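A.B. asks: Chains as they are written, first to last, in my numbering: chain A, 1 to 291; chain B, 292 to 517.
Among the clues, some could well be false.
[What the hints assert, rightly or not] BS3-like mimics (lysine-lysine), calculated; alpha carbons at most 25 Å apart, straight line: (1) A:LYS97 to B:LYS488; (2) B:LYS488 to A:LYS200; (3) A:LYS255 to A:LYS172.
[Stated by the list, open to error] One side of the interface only, derived from the structure: several residues of chain B facing chain A at Cβ under 7 Å: (4) GLN300; (5) CYS441; (6) ILE444; (7) LYS448; (8) GLY453; (9) GLY456; (10) GLY457; (11) ALA458; (12) THR467; (13) LEU475; (14) TYR477; (15) ALA495; (16) ASP497; (17) SER499.
Hints listed in this document are in silico derivations from the structure and should not be mistaken for laboratory results.
Model, not experiment: these values are computed from the prediction.
Each residue gets a CB set at the ideal place from its N, CA and C atoms; glycine is no exception.
Letter by letter, the chains look like this.
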Amino acid sequence: MVTAEINPPKHACPENIKRQAEFIACYVDALNITDCSTAVVRLSSIAAGFHILSCGVEPIIQMTCRDRNRIAMQSDLLGAYSLGIRNILCLSGDHQKFGNHPTAKNVYDLDSIQFIYYLNRLQTEKVFFSGEPIKEKEKVPHFFIGAVINPFADPREFQVIRLEKKIRAGAKFIQTQCIFDLEGFADFMEQAEWRGLLQKTYILAGVAPLKNYRVAQYMQNNVPGIVVPDKVINQLQRAAYPAQEGIAICVEQIKRIREMKGIQGIHIMAMGWVEAIPEIVSRAGLYPRQK
Amino acid sequence: MKKIIVAEQKPISEIASLIYDYEKILLVGCAGCVAVCLSGGEKEVEILAAALRLLRQQQNKPLEILTFVATRACAPEYLVDLDPLTKNLAVIVSLTCGVGAQYLADRYPEKWVIPAQDTKFAGGSGEHGIWEERCGLCGDCILHYTGGICPIIRCAKSMLNGPCGGAQNGKCEINTEMDCAWQLIYNRMKLLNKLDKLAEFQPAKDWSLARHGGPRKVIRKDVLIK
Ligand code: SF4
Ligand code: SF4
Chain A
1 MVTAEINPPK HACPENIKRQ AEFIACYVDA LNITDCSTAV VRLSSIAAGF
51 HILSCGVEPI IQMTCRDRNR IAMQSDLLGA YSLGIRNILC LSGDHQKFGN
101 HPTAKNVYDL DSIQFIYYLN RLQTEKVFFS GEPIKEKEKV PHFFIGAVIN
151 PFADPREFQV IRLEKKIRAG AKFIQTQCIF DLEGFADFME QAEWRGLLQK
201 TYILAGVAPL KNYRVAQYMQ NNVPGIVVPD KVINQLQRAA YPAQEGIAIC
251 VEQIKRIREM KGIQGIHIMA MGWVEAIPEI VSRAGLYPRQ K
Chain B
292 MKKIIVAEQK PISEIASLIY DYEKILLVGC AGCVAVCLSG GEKEVEILAA
342 ALRLLRQQQN KPLEILTFVA TRACAPEYLV DLDPLTKNLA VIVSLTCGVG
392 AQYLADRYPE KWVIPAQDTK FAGGSGEHGI WEERCGLCGD CILHYTGGIC
442 PIIRCAKSML NGPCGGAQNG KCEINTEMDC AWQLIYNRMK LLNKLDKLAE
492 FQPAKDWSLA RHGGPRKVIR KDVLIK
């Protein structure tokens, strides 16, 4: 399984996102669409998902707990399903402090694990989050529910407990935060195996191609929860062709991650560098994709 | 640690502009929480009064200020002594917390009440000069589940089932000066040998018991008079 992540535009025109979707369509199995990531206002992930669906690409829409209470969440879930969206990634969401509306009020009515739990319950027991039965049982949505995990966030030892909680709550697939520290990730996967979690969910390992050392530094310093080791930053700084080096590092990482037990797929967070995706997928030996 | 409602005075320029049109004001402080947090007790009331008088002298627009410090501005019986001072003036400036300011407005409906204080949070002070938020007044305490550390208010996202994935070096993703509440909770639960509790699912919170259910009232039949 190969997925990639794209950000919808900061305006109301879908052409660019459709072009991006068409450009990488044959290199990925699904496209993951962010929900106002880093709390910057963008075209809604549901609408963007609908647009790329019209290009024949399978969307995974992200939905955060930051901007919606449980009423808005369910309403948007029903709406998204009615538009043909079938995959959802449930997150807590970056704090609004990072975005372009830092004076906004946040919601966090539910946390991400509660969100997953109640959505899964809605689908299996056919009840709203409140427990009220849904009358027309054959018309409830059936999303493929995903969650994220950051093996590198503090408290580190808690992250595998989080993974277990998310799986028990109903996460059928897991997408990890960008991995640069392979040893740290191997360690995390070992703990997951020890807890018997690897058979219970699909784990997609997150990778990100770094265009140059400045991008790497920016991510290390400004993106919550991302750890870019100095070794990688130095390697990019020394490279004669940093972009090529960034792609090479990413390809190498994918190869090594795929050797680990329990990895079901790769999730590429291109961070605006969508052009790199075809080369990465091909060089990592993941092309052509079977449809 | 003293637990209190913590408030901080508005900038003097803002207070001055709020009272610019008036020639006489009554400045009211409180000997409760705002005295403890050094923003609205007797000393602060006198300092602010002196500063405002001076400012207005410089502007050639003299200001008469009466001062009063209530024992507890959140209990109307302590405001009785204030009645005589309120004659012949239109404005009360409050250095009490937001609660006290409203009791002042209740008692003197014909006066214009101006807050000179920003009421911030329920917290305490472990270190002189530093106050920290500790309780979000959620109406349904769950501290027994989180090792005595409040995730509702000390976690920037009110996460109830563990950390958000943004913490680094034990600090919160939104403020490197602030401990991640879940790091603290984890440390404490580990110490207590209760990490298995954190693996349990914590259901959605009933926010109707917090401010989201509308203004709250506590009625204690056992202590009602009559
Ligand atoms: S759980 Fe609620 S009542 Fe308890 S400390 Fe936190 S906000 Fe206050
Ligand atoms: S870093 Fe910790 S305290 Fe900050 S929002 Fe995340 S879990 Fe809460």
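A.B. asks: Confirm or reject each hint.
C.D. replies: Each hint, compared with the structure:
1. A:LYS97 to B:LYS488: With a Cα-Cα distance of about 31 Å, the restraint between A:LYS97 and B:LYS488 is violated, given a limit of 25 Å.
2. B:LYS488 to A:LYS200: holds (22 Å)
3. A:LYS255 to A:LYS172: Holds, because 24 Å separates the two Cα atoms, which is no more than 25 Å.
4. GLN300: violated (22 Å)
5. CYS441: B:CYS441 check fails; min Cβ-Cβ to chain A is 14 Å, beyond 7 Å.
6. ILE444: violated (11 Å)
7. LYS448: holds (5 Å)
8. GLY453: Interface hint status for B:GLY453: holds (5 Å vs cutoff 7 Å).
9. GLY456: Holds, about 4 Å.
10. GLY457: Given a least distance of 4 Å, the restraint on B:GLY457 holds.
11. ALA458: Holds - the Cβ of B:ALA458 comes within 7 Å of chain A, reaching about 4 Å at its closest.
12. THR467: violated (11 Å)
13. LEU475: violated (9 Å)
14. TYR477: holds (4 Å)
15. ALA495: This hint holds: B:ALA495 lies near chain A, its Cβ roughly 5 Å from the closest one there, short of 7 Å.
16. ASP497: violated (11 Å)
17. SER499: Where the cut-off is 7 Å and the nearest Cβ of chain A is about 11 Å from B:SER499, the hint is violated.
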